[in-house]
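Going line by line, the protein sequences match chains A and B. The first sequence runs 1 to 373 under the working numbering. The second sequence runs 1 to 397 under the working numbering.
Derived from the structure by calculation, the hints contain no laboratory data.
Residues from chain A that face chain B, not an exhaustive set, calculated with beta carbons under 7 Å:
#1 G261
#2 L269
#3 A270
#4 Y273
#5 R355
#6 A369
Note that the Cβ used here is the ideal one computed from N, Cα and C, for glycine as well.
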Amino acid sequence: MNDDVNLLYTDVETALRESVSDLLTARCSPEKVIAVFDGDREIQPKLWRSLALDLGLAGLLVPEERGGAGASAREAAVVLEELGRFAAPVPFLTSSVIASAALLHAGDDRLLATVASGERTAAVVVPFSTAPNDLRPTVRADGQGALNGRVTSVAGALEADVLLVPVAAQDGVELHAVEAGAASVTPVVSMDMTRQLADVDLDAAPGTRVVEAGGDTAVRGALELGAALIASEQLGVAQWCLDTTVSYLRERTQFGRSVGGFQAIKHRLADLYVTTESARAAARYAAATAADEDSDRHVAALMAKSYCSEAAVRAAEECVQLHGGIGMTWEHPAHLYLKRAKADQIALGNPQAARRQLGELVDLPMPPAGSTA
Amino acid sequence: MTTEETVRADLKERVDALLTTHDPATTDQLVFLRAQFDAGLAWVHFPEGLGGLGLPRAHQTYVNELLAAAGAPDNDPRRIGIGLGMAAPTILAFGTDEQKRRFLRPLWTGEEVWCQLFSEPGAGSDLAAVGTRAVRDGDTWVVNGQKVWTSSAHKARWAILLARTDPDVPKHAGMSYFICDMTDPGVEVRPLRQITGEAEFNEVFLSDARIPDAHRLGEEGEGWKVANATLMNERVAIGGNAAQREVSMIGFVANAWRTRPELRRPEAHDQLTSLWVEAEVARLSGKRLRQKLAAGEPGPEGSGMKLTFARLTQQITGFELQLLGEEGLRYADWTMTRPDIVDFTGRDAGYRYLRAKGNSIEGGTSEILRNIIAERVLKLPAEPRADKDIAWKDIPR
Ligand SMILES: Cc1cc2nc3c(=O)[nH]c(=O)nc-3n(C[C@H](O)[C@H](O)[C@H](O)COP(=O)(O)OP(=O)(O)OC[C@H]3O[C@@H](n4cnc5c(N)ncnc54)[C@H](O)[C@@H]3O)c2cc1C
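Isolated chain B (complex conformation) (with noise of 0.2 Å):
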């Protein structure tokens, strides 16, 4: 047998004895997401004894494959996209064991859901702006500030939370990252209703809100390193996503087209074809980068996914409000609500359109992405700084 093959026959033992002891049928689905964590088959390119097996990433498709075959329950990563997209990555990367043994499991299995606390009114695309205050007081941090545009925060156990502890050093060296209790009294939360009607995120206001040291993630000071590790996955995680053939917003698309001929307009197949075939070139360069990642770590490349995500998902969901015609005229509910999910597929049509707008928005603008792979692919010279070298608390603001 090939090592490739006795992976997979190690792995198909341990899925059979997983379901063994696991009926997915009779076991309830906490009880057996807990159990294939703790069987390393949550995530199996973690360690052992953190949800993993040690082995490269790709292998989690064949484990992923038999579970869904045998009707075991998955995790819904979209219920916790910023936990096991963003946090797990930089939990697993930056965080001690302990941070490891503790928060790893519950985010994985649902049970724990957290948000990112990075933005701030006077700091977005400039995320090393950041103002929001750290000021350590024996073993713990005392926080203050104001977070704004946080999805899921009213859902959320925990936050990674970026904060200034140096006001006194030049913006990117004066950072720290930390773990935030959003059930500390310091922290509150208030919906921020968006473009949908919804309020998928939030303001958070820190006043005086408590964090041991111990919920530290990386060294004092080096908090922009530590934020970049998560802003790499954060973009290969929003953009590489689409597993299956139309299994994305054109889908939709496609659908309507098949079921519904009285949409069909020969001026308009052109536009659908093509954009059928960027969301499927789309995907394949997705699954070319994740089959090039399988082994590293996320790199500036992820940007780029994410830029065409973005645009393709504005270009497919405005062409299929104007595919709908009279239909596209209407909107479902414009009733505020807090989702529990941030979906981006979900509702109809018009959710789908507006919605859409967010994603060249969210984890970096469609601009810095492009900045990114320009200075950090192509190698073209960087943006002039007007910022640099002076200390943060002296910057013109």
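Chain A with its partners taken away, still in its complex shape (with noise of 0.2 Å):
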């Protein structure tokens, strides 16, 4: 454990939430979201090429070297906590943190190098709720090497120009590169539009081996990655989600007063705020000993995946309440919130199966079913 970590976010990572949040302000109004729900997914690949383009977020974790910006996990997490304040609809979670996390560790430079670049978009090809230590492969490699087998819903394939697919071998796990136009990519209709999810169908589609056996390790370093960092972009929902109900409820009036007087609501938001506040402890620590490969960083993203979870829909079911009726509505877009909080409390491990296996890691285990004290 380091107990040295910095929490607080250094200069470097405040000019850059200022570059993306100036960015999605101008570019990603919560109307332009709320039309992705209607069908209008027109913004989402102009904002993904300006992300990934303009401020060189596709390649932000893969080293110069190998093509990419070199920053860190800490970076990273910024981004998110802004992607996630502005319920933006990219695949930034997907591509550049899981895909190019299994890619770097796969060590397979000129594919890494292509997405780095943001030429090209990537996806791990699991179900998206999958827990980093229950990655269970059913697509399976024919002699000549083609693939087949159905992966159901995936975030990120929709908009990937490469499938990263496990593939279930003899001797373990082995990760092929599939070109999307090779597969059949079915969108489905999604808890959470602005991370839609796509079933996946591999009939004989051919594939080149990124990594042999030892695939495993490779994926799922990656969603646990992905697991330590969807902490952050639940901290930015639930930022939103208080920012917003505070203000609202400061300008509404009833009983000729602000209700934000009332001290039912007062001490309801107070909580808000304090939990919201450790939810940042607890990303910022799992962003930290993510980025400096910490022996600590496994018990953090678990840690993290559990709180910031239960944060962001607690915080999203709270502003959706305390807007009364109009919380309710299509028009306003607390709804983006609640459906990216609860799909992202699912996603990567669900916050209980993250505590079973935290248990397991701090020496507090689940004894066996059906014991008896």
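Join the two chains, each given in its own frame, into one complex according to the hints.
Here is the structure:
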């Protein structure tokens, strides 16, 4: 455990946050994001191109000598906070964090460089709900290396040019790269349309093996980084919900006074503030320990996934409730955040699964089923 | 070398010098602590000559590590929490040079224990309502009134005291802040037994107690401002302390789970790990807050730490008793005692459960802390005030 870890934001991180925030303010208004739910997906590729190319976010986590920006998980976390704050419909988490981490580990520099440059977008083909320690590939390769199988509810697959497919092989898990055009990628109606899922069907699809046996380490590591950093996205969601609710209730008048002045409301918002600040500490710790490859990073990731998942859902639920009727409308963006929060809670291992695994790591094991005191 | 490294090297040199002249193995604890204070290694963020070196607060951790490694005694913050956590920063911020020189050293070494004479039967959450009167008589103040729930008053040499010096102005304007000598014949301390069976706090009766004007902290009539500084520090002191993982209530529960497999039940596991996560996140939040405050003073954010601390200690200790099952039905000892230290974690699980109930009351109730966060951090409208602009003496009570 590293007790010197800096849980604050560095100047570099603050500058990065500002540039992401400026771009999103200009290009990713709530109306535009709501339009995505109505089927207008126009904003997505353009927005991602600006983030990926103009701000260089596509290769943020990739070392400079391998074609990226050479930043660390700390900076990626700050980007995710902003993407969460805007419920931005872009594949940063799936391509620049999770897929890039898998490729980094796999050592496929050619593919990595195209992803890092923003030229191409990649996605790891697993159900988005997969916990890092619960990888169970359903795709198999035949004698010629063609892939067969179906993977449901994959995040980032719709936008992806390259699909990274974990394949069950005799001596473990391999990782194959498949051109998106060679697979059948069917969008599904998703709880969170700002991160739309797709079912991926592979029917004798040609793939190139990027990792032989041992691909599970690459994919697990990538999913774990995803779980550590989605906490920052959840923090961003919670922050938006808190800020928006506080400012709405300061303005909103009922019974001749500002609703935000009623103590029952003030106390709920104070608790939400405390929860959000706690989520910030958890998310920062997960990002910092991931950046340093600290030995505590596994504990930190599970802790952050558990805490921030619940914090974001609570913040979004309070946001809807405390906006009253307006909170239930399609026009008000609150629902974007509720949907993102709930989907993020389930993504990459739900909080209960995270805690079960955490118990193993910190020597608080789950007793065998059926045991009684 | 970076400035950071230079500072560390310098601190290392100072610690080594202290250890050379005062071998912890052979030096009396008090002698050692006095020397540590004089070397500026007591609280490095205090000014030189007052136990510090004027450095950022965070460097103290490094000094403490070096000293602990050498087996040096520590000044047992539990014994003198009110002194260290509340009186000291207040004296530093508002005291005269003479007061600082007189009080800080024996406070830090633990030679002199402090208590806090704030609350009264009629003024708890509404602390600005205090009615204990201080009336000027030449160079001294004559104090009359009753204080209550005063932790450690039976051990204390000195007290920080909030008293009314002008009843004819609105409540916040008419108070002053004093350092009260607990050995004054006008001060009577009576034990007040509490929920745990012991008497950690007391009633304190002040009958013509005399306080020299030189022991006033801050200007006459500005007691509220001074008291607020104390309260901010108090909340950080109560809320933000756990240094290491599992060095808090959760440690007891985790330990029971590890060492006593017969207590483990599958349905308790998620609650256990949830509480573990919350305790660890609370610790990290405290650390983050301390990093943020490293240069500045405690702000209203400290109230959030205390809120979390109170809620968690209560949830965890309640869970612990349930986990213990039959054992949780028993209690170690109801004998009335007057403990030397205020110990949140001590004794058995039953004690912890009962003592934790005070965590959401002492130092500002959780309700009051939520008001503070809502109003000062989130800028929501203030509570309606029935006693605004009314002279204290005319407030209906
Ligand atoms: C273990 C312990 C140790 C203590 N040690 C000390 C000490 O050393 N020195 C000292 O001076 N004091 C001490 N106290 C006293 C403590 O500071 C007070 O008890 C506390 O401030 C609450 O005041 P009260 O007890 O008068 O409760 P009240 O103010 O009467 O409150 C009763 C209830 O009403 C709620 N309430 C009050 N006002 C509001 C409001 N505006 N909005 C919403 N809810 C409200 C409170 O939260 C509480 O639940 C100690 C208390 C305890 C329990």
